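Engineer: Residue 180 in our numbering sits at position 108 of the sequence shown, with consecutive numbering throughout.
Don't take each hint at face value.
[Unchecked claim] DSBU-like mimics (lysine-lysine), calculated; alpha carbons at most 30 Å apart, straight line: (1) LYS355 <-> LYS295; (2) LYS149 <-> LYS288; (3) LYS209 <-> LYS151; (4) LYS212 <-> LYS355; (5) LYS209 <-> LYS135; (6) LYS149 <-> LYS176.
Just so you know, the hints here were simulated from the structure itself, not pulled from any lab data.
The structure presented is a predicted model; accordingly, all values stated were derived computationally and were not measured.
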Amino acid sequence: MFVPAATAEGFTVVVTKVRVHSRFTDRRDNENGMSEVHNAAFEAFEEAVASHTVGIVGTRNGKEGTGIGTGAAVIWKGKAIVLTAWHVVRESPRDRIWFLLRPKGTLVRYVTGRRPPPSAPQDRYLREPIPIQEITKDEKLDVAAIQVPLRMGDQHPVVCFHDLSAQSAVATTGADVILTGHPSALAQPVGANFEVFANHEYTTITNDRPAGILAKEAQFFMKWSSAADWDPYGFSGAGVWFDSGPEVNATALWDPRPGLAGLATSYFPKSELMMAVEIEAVKDFLDRTIV
Numbered sequence: 073m074f075v076p077a078a079t080a081e082g083f084t085v086v087v088t089k090v091r092v093h094s095r096f097t098d099r100r101d102n103e104n105g106m107s108e109v110h111n112a113a114f115e116a117f118e119e120a121v122a123s124h125t126v127g128i129v130g131t132r133n134g135k136e137g138t139g140i141g142t143g144a145a146v147i148w149k150g151k152a153i154v155l156t157a158w159h160v161v162r163e164s165p166r167d168r169i170w171f172l173l174r175p176k177g178t179l180v181r182y183v184t185g186r187r188p189p190p191s192a193p194q195d196r197y198l199r200e201p202i203p204i205q206e207i208t209k210d211e212k213l214d215v216a217a218i219q220v221p222l223r224m225g226d227q228h229p230v231v232c233f234h235d236l237s238a239q240s241a242v243a244t245t246g247a248d249v250i251l252t253g254h255p256s257a258l259a260q261p262v263g264a265n266f267e268v269f270a271n272h273e274y275t276t277i278t279n280d281r282p283a284g285i286l287a288k289e290a291q292f293f294m295k296w297s298s299a300a301d302w303d304p305y306g307f308s309g310a311g312v313w314f315d316s317g318p319e320v321n322a323t324a325l326w327d328p329r330p331g332l333a334g335l336a337t338s339y340f341p342k343s344e345l346m347m348a349v350e351i352e353a354v355k356d357f358l359d360r361t362i363v
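Please take these sequences and the hints and turn them into a complete structure.
Structural biologist: Right, dumping it as structure tokens:
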């Protein structure tokens with residue numbers, strides 16, 4: 073799910089503004105007068121997911137820096153790993169992969185289906201070169217595990233590694249989920265390069281399948297709500313997150329507890345469905361390849 077940039081200089085990142093899909097905003101505003109408590113809970117959940125998410129810049133069609141994808145930061149067997157789709161990093165040497173990290177502070181939100189205007193230079197966060205220790209892959213599943221130094225979380229405290237080893241909850245059909253990615257369709261040119269904006273997509277796991285695609289145990293599908301606005305290229309490898317915590321209410325303390333349902337790998341534009349690899353298949357892959 074890559075699209076080309078104009079030059080080999082590639083992508084920079086702007087994540088001070090996060091797009092919230094209008095359907096979700098309507099839900100906030102109109103569904104039974106959603107309270108400030110629930111609004112705050114939604115935003116807290118978005119913040120947590122953003123902290124588990126990184127953009128990935130690599131090589132596409134032999135051109136360094138012109139590929140854009142997304143990854144999910146997790147801990148597995150005590151190791152720090154960025155999970156992504158294998159095709160996101162397939163062409164990239166380890167030392168020519170960069171990461172796009174969320175900014176410090178609270179995310180600034182806006183609602184639009186249009187390409188955002190270029191940002192001010194002081195609001196731009198450049199791609200980060202982080203040492204990669206190893207990359208393991210499962211080409212059939214189209215998943216990859218990028219091992220990074222465990223101290224990355226100390227050097228870049230905006231990144232929070234989700235403890236996947238401790239997660240037992242799974243998402244099922246009908247579950248509401250969120251993906252955060254870096255769609256190149258909304259990128260803006262900055263000189264010879266491009267800047268990308270982190271975007272949220274709220275959707276639901278569905279039983280629908282693209283025409284001619286048989287259901288497989290390791291896969292699930294989600295309707296792509298923003299299909300009429302822009303293509304989701306740049307979301308490849310994004311974590312599919314669901315709320316694994318208790319119900320939100322106004323009388324008890326609450327904290328966001330994202331659970332990882334899977335990894336987005338392929339988009340089917342005719343049916344407007346995003347395919348993901350189920351988290352149990354990802355865990356099996358990690359068990360086989362991470363020692």
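Engineer: Does each hint hold? Answer for all of them.
Structural biologist: Hint check results:
1. LYS355 <-> LYS295: Satisfied, since the Cα-Cα distance of roughly 24 Å is no more than 30 Å.
2. LYS149 <-> LYS288: With Cα atoms ~27 Å apart, LYS149 and LYS288 stay inside 30 Å; holds.
3. LYS209 <-> LYS151: holds (16 Å)
4. LYS212 <-> LYS355: holds (15 Å)
5. LYS209 <-> LYS135: Roughly 22 Å between the alpha carbons, so the hint for LYS209 and LYS135 holds.
6. LYS149 <-> LYS176: holds (28 Å)
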